[in-house]
Amino acid sequence: MFLTECWQKKIIVQDCKKENFIKVGENLKLVDMDASVYYSDNLFLNACVRMYLFLHERDNPQLKKLQRSAVNNFNLPELEGAREFINEIFSNIIFAESKKAFKDMTINKFSDLEYEIYNAKTLPHLEDLFFSKIKENLYLFDIQISDIFLNENNDFEPRSIAIGYKSLLPLEEKISLLIKTCAQDVQTIEANIKHIVRQLSYPNSFYEVVVSIDTKQGDFARQFTDNADLKKLIDIVENLQQKHVIDRFIIYDADETIRTNKEWFNIKTSQTHSTTNIPISSQLYAFEKCEGDYVLQMDSDVLIGRLDINHSFLADMISEVKKNKNVLFVGFNIYNKESKAYFGFENGGFVPEVRMGLFDKRRLFSVRPLPNSVDENLKLQLTWYRSLEKLQKDNGFCSIRGGDKRSFYIHPQNYRKTNAYSWINILDRVEQGYIPNLQFGEFDCNGSFYD
1253 MFLTECWQKK IIVQDCKKEN FIKVGENLKL VDMDASVYYS DNLFLNACVR MYLFLHERDN
1313 PQLKKLQRSA VNNFNLPELE GAREFINEIF SNIIFAESKK AFKDMTINKF SDLEYEIYNA
1373 KTLPHLEDLF FSKIKENLYL FDIQISDIFL NENNDFEPRS IAIGYKSLLP LEEKISLLIK
1433 TCAQDVQTIE ANIKHIVRQL SYPNSFYEVV VSIDTKQGDF ARQFTDNADL KKLIDIVENL
1493 QQKHVIDRFI IYDADETIRT NKEWFNIKTS QTHSTTNIPI SSQLYAFEKC EGDYVLQMDS
1553 DVLIGRLDIN HSFLADMISE VKKNKNVLFV GFNIYNKESK AYFGFENGGF VPEVRMGLFD
1613 KRRLFSVRPL PNSVDENLKL QLTWYRSLEK LQKDNGFCSI RGGDKRSFYI HPQNYRKTNA
1673 YSWINILDRV EQGYIPNLQF GEFDCNGSFY D
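Residue numbers for the sequence shown follow the numbering used here, so the first one is 1253 and each next one is one higher.
Treat the hints as calculated values from the structure; they're not laboratory data.
It should be emphasised that the depicted structure is a prediction, and the values quoted were computed from it without experimental measurement.
List time: in silico DSBU-like cross-link candidates among lysine-lysine, alpha-carbon distance up to 35 Å: (1) K1514 / K1575; (2) K1446 / K1373; (3) K1574 / K1642; (4) K1520 / K1574; (5) K1426 / K1468; (6) K1669 / K1483.
Assemble the whole structure, with the sequences as input and the hints as a guide.
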């Protein structure tokens, strides 16, 4: 505390010797003010070093010489612990200067939240707590701290930490959240999945969160990396299941290919991908394995923004399906300046939004088999979504787009994913709502890294 007071009073102790101090209780008192000089940051730092030597080398006959040498040489062996000593001094200074702010730091609970109180030792890992509470239908909305003290490690530590939650509102319908991924996504898949679950889990809860893994390990359509690693990706996804971020994951069973293709297209083939190398069977297999009445399916790379976390995008999308018996798919909205009524009800509407869209499982399955054909290698000519687009135009069904601007997604082009650092930084900016106006009305991510 003595050096803290010196800093506050802007006093520099030039001559650290016993005669200039007396001890009163637990406090050290400076009694010879003639030993002081004008204050500067460098002089104060030198005074701290001299005080350190005084405390640790007071019986050394070379103390004066050491104190003079230390002014220009912090590498003296006698100064081995000086860095920690000085860090402790400045921690105490910052703490003392912050006391007024700390006194104003009280816990004021919001009436619409329910709270749990922790201290630093009982607080679980915050991210793990966030995702585990979603499984209890609670969404973390508020963190407050109070009663700050300086602990034994010179860290500021609150004695009380209040975590506030809002209850998730389950819808009448069971909704599966399905995230589709492959070995190419291994570098960022953990961040991608956490982003999706975090952004979509309020205000309504999902019946289940499922990850579908395509087992292809090379020769990808739109390949953006040479570092695909299926085993590592599976390990990461399995860890996310253990941490309650997701409920389960589906690894495509190649033995199901012939059956899957037969049921969906009435075509007998063991080929899992289209003529353009787009995965088909693994995604349709995942649709089958989802247990919800509705499935909100998406690619794992989508960037999701929420201008209003209270917006029930699920209620909006399901309402459109229920009101219109010919709607097979509702696309998740893109970033728009204004909200738009859903559109695309005529002439088959749009191609189903494979990157992010919702469907009624029973309705979609009822229109099978979908129109398709194979090439000379028995590979399917149409992807499942292009096949569905053809059925829509031929049979009066449709897939629609539009909706409330408050919830949206942005699709990152593959060239943006070659550098994981850049990709995750863009993801973070979208999550925080820092999006340039040139993104309005665009599916693909617009602008440069610096926009």
